[in-house]
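Peer 1: Going down the list, the protein sequences come from chains A and B. The numbering of the first sequence is our numbering, which starts it at 1 and goes up by one. The numbering of the second sequence is our numbering, which starts it at 226 and goes up by one.
Just to be clear, a hint being listed does not mean it is correct.
As the list claims (entries may be wrong) - Straight line, CA to CA, 27 Å or less: simulated DSS-like cross-link-like pairs of lysine-lysine:
1) A:Lys14 to B:Lys444
2) B:Lys257 to B:Lys340
3) B:Lys265 to B:Lys291
4) B:Lys229 to B:Lys265
5) A:Lys162 to B:Lys340
6) B:Lys444 to B:Lys340
Hints were generated in silico from the structure; no laboratory data involved.
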Amino acid sequence: MLNPEILEIISASKPWGWVLEPEAKRILSLGGIRVPRYKWAQTLEEALQFAEENGYPLVAKVVSPEVIHKTEQKGVALGIQNKIALAEAFHRLSSFEGAKGVLVEESIHGIELIIGAKIDFQFGPVILMGIGGTGVEIYQDTSLRMAPITAEDSESMLNGLKAHRLLEGYRGAETVNRTALSRTLLAFSDLIMTLDERVSSVDLNPVFCSAQDCVVGDARIMLPS
Amino acid sequence: MNYKRLLQPKSIAVIGVSLHNNRHPANIVYQKNRLRYPIKVFAVNPRGGEIQGERLYERPGDIPEKVDLAIIAVRADLVPDTMAQCISAGMGGAVIISGGFSEVGQTELQDRLVKMALDADFPFIGPNCLGIFSPGLVDTFFLPPERTVRPESGNVALVSQSGGVLVDQMVNFAGEGVGLSLGVSIGNKALVDEVSLLEYLSEDPNTDAIAFYLEGFSKNGGRRFVEAACHCQKPIVVLKSGRSPEGGRAVSSHTASLAGDYAVFSQVMTQFGVIEARTQFELVSFCEALSCYQDTINGNIGIVTGSGGHGALTVDFCASHGLNVPVLSEKLQANLKTRLSQSIQGIASTGNPVDLTGSAIDDDFVAAADCLSQSPEVDCLVLLVLPYSPGTTSDLGARLSEVYQRVGKPMVAYVPNLERYRMLIEGFELNHIPVSPAIEGAVLMAGAMRRESC
């Protein structure tokens, strides 16, 4: 059953056709998917208080219905190390067109994956997983399955990637926690099955996967027109 | 809905037979079924009269018995009324050949047919289709028989959205000796579609493998198709058109851009154990193999060849189709070697490919096939038989088939397609060993047996 809070967020997002990042992350955490600790700060004081409680480094992002491609529009400030940098970022980001505050969150590291979903005309909800980050459409290294997926599907999605060795400690690099990845994929699949045609597509990109966990760095939920 | 009278009719009524035009689709269907098939055939035309000394019935209800199948070839706007008459005459289903429905935007007219059929529990195929071809039983294709090639009766069912592609595939099946249990052209698939036929065919005792030519599914039709495929114990092969990416479409998310229609189709088919053929050649190769073998293999291939080059090419094709060619164990190789003729023991290679050389005789091929068939190291054999090498005879196909009959390990063969090798090829094919005229075709056949389980 769909959580009423999720329904409320989706219906409130209808006017601009997609769900703002802090609300998308709220939907994900209600679906049992890990997101960074964050604060949707309306004032600099709120941002600074979050920093005090959680420490640096931090990430700050613009929240605006007008800014869907945050990176391209320089709406993301990474590696904020102190109060001054946070204040500077807050002022710059809150001056964006249509800004509804600033998202401040803890910095997460790991291998960048993409987990996505699309409501396909012929097959209904389908789940995508692959090599993420800004180069996602350059590498085009992804696996697709019809939802709902099983634990075996999540394994075979990972094994089906050309770059799967990069996720398994290639040349001493950090590995990806397969259990956490599988858990994330299955929770995401469940969430998408309940959302179904209320959404049109979802990008969780990047999802930072490390030996410890998988945490969603950015989330975009597109609504049907 | 019950498709028995629709797909296995004992009597048909062809509606729309012309008094003046013998090339009219209805006339061709009437004529060929009357002359060539063991079913009762009636002709219907509202004007009545006689055709070739037989009565032309004015209405389906005038026919003095309950006919199983109506073949409707009248103008689109007359189809609903015609179908209503078939229903009240107690018929068991219809093939609607007529075009002029959703394919030209007349969706409402088509929807009327669907509603009427659902209310009356009356299955129909089409509209805008060729209908059904069931070897030795019925043929609703409006193609003059002398212009087409018909496959033998067999155990593969073929369902196609396009009538033309179905006819092409039937020609290919006939050429490769693949027998057909049923061919259906579903046209606009207003009521009977891929999913309902898949469900019917998975229960059909005459069908062991099911092939589809697909253009696209209706909304969520792909989901219903794979769900039905998952419940079907028989191997399913699909050939899909529209594989090229839909370029230039602006999409707002990475997922929507990466998960294009074909990418989703292809990976979901694999997820549910449906075998995707990418070309017509693959489709016929897969069907030929699956008509003989329905069980899955792991994909460890043993190659037996009379030529090193053929063996090397086969290894390459295996690699590109995801099949393993494991090096055989020392023990197996030693055992194999002792069973070969003295004259080739020093020159044959036994690692895999097993290259028996151009000096091999029939006994060497049989010994090698037997040895590999008995071993758990491989689970399918690819036999490369070159009838021009002087030591082998035309009996080799039949003799190698005996190894399969005895041991039960799947084998596929490559034999160059020359008329003079026909007896050797039939020695395989008549004993249910599939033969390809191309090395890659033989590898494709082996590949078809290795599929995901659902």
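Peer 1: Hints first: check each against the structure and report whether it holds.
Peer 2: Hints versus structure:
no.	hint	result
1	A:Lys14 to B:Lys444	holds (23 Å)
2	B:Lys257 to B:Lys340	violated (32 Å)
3	B:Lys265 to B:Lys291	holds (11 Å)
4	B:Lys229 to B:Lys265	holds (16 Å)
5	A:Lys162 to B:Lys340	violated (49 Å)
6	B:Lys444 to B:Lys340	holds (18 Å)
In summary, the numbered hints that this structure violates are 2, 5.
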